[in-house]
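Under full-length UniProt numbering, the first residue of the sequence shown is numbered 1, with each subsequent residue one higher.
Don't take each hint at face value.
DMTMM-like mimics (lysine to aspartate or glutamate), calculated; alpha carbons at most 25 angstroms apart, straight line [to be verified]:
#, residue 1, residue 2
1, Lys204, Glu226
2, Lys189, Asp152
3, Lys125, Asp83
Honestly, the hints are just simulated from the structure, not real lab data.
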Amino acid sequence: MTTSATDTHGDDRLLVLPFYIVVDVSLSMSVPQGGDKSAIQAANEILPTVIDGIEASPTLGDVVRLGAVDFSDDARVVLRLDDVRNVNPIPQFTVRGATSYAAAFRLLRQEIEKDYAQLRGDNYKAYRPAVFFITDGEPTDDQSDIVAAYNDLTDPSFKLRPNLIPFGVGTATKDQLDQWVYPKEGSKKPMRSYVMRDGADPAKAITKVAEILLSSVIASAQSVSEQGSAGGFVLDDEDLDSDWN
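Modelling step: build the complete structure from the supplied sequences, incorporating the hints.
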């Protein structure tokens, strides 16, 4: 892999791949289910796992930018999109409140716009972002509010609309999360949702999310290195086990 990639059409700005981790921090995430570790404890291992993996390869650090958002009744920025080599200390997710998907989608739209403006100001060119959205249950806000926020985030006129990949643990269902996938089935490069099977330990399932995220980071960076502006986000779930549907 080369140390950086540039646009193959005469633009000499460096190409970077933004990833956002979005984590449900509602109170139910603090209760262990099937094991000694709670879902929030497992979620707090995601950033260290991914950051360690990126730091182990300097070439990944050149290409990947990582941010994190949490949500409950509201949504908050946990880690502003950045080169992970600048992240110290690594922030933690803390449980609070209920489960507002709408708040998460609205904040994502705002932060993506801010972060991409900053990237442009720093002379970077960025692919559309990938969002790993992790939740342990159904939302507590009104469906119409969620739909409006989701439609705003994924509006075709919004050039920075993300690839959105929901991961459900606990009581989250496939039918619920499939609504929030983007791009949807039938698109050129559709994404999908992942829901742990009944009886699986949510904490162990979230640990697997970290592995899928890191393998996707590596596969995406390889795509950028080999294809330049024609490359981009690659969802790598080859190692997904039977705990997921």
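Taking the hints in turn, this is what the structure says about them:
no. : hint            : in the structure
1   : Lys204 x Glu226 : violated, 33 angstroms
2   : Lys189 x Asp152 : holds, 20 angstroms
3   : Lys125 x Asp83  : holds, 14 angstroms
Figure legend: structure checked against the earlier numbered hints; the only hint not met is number 1.
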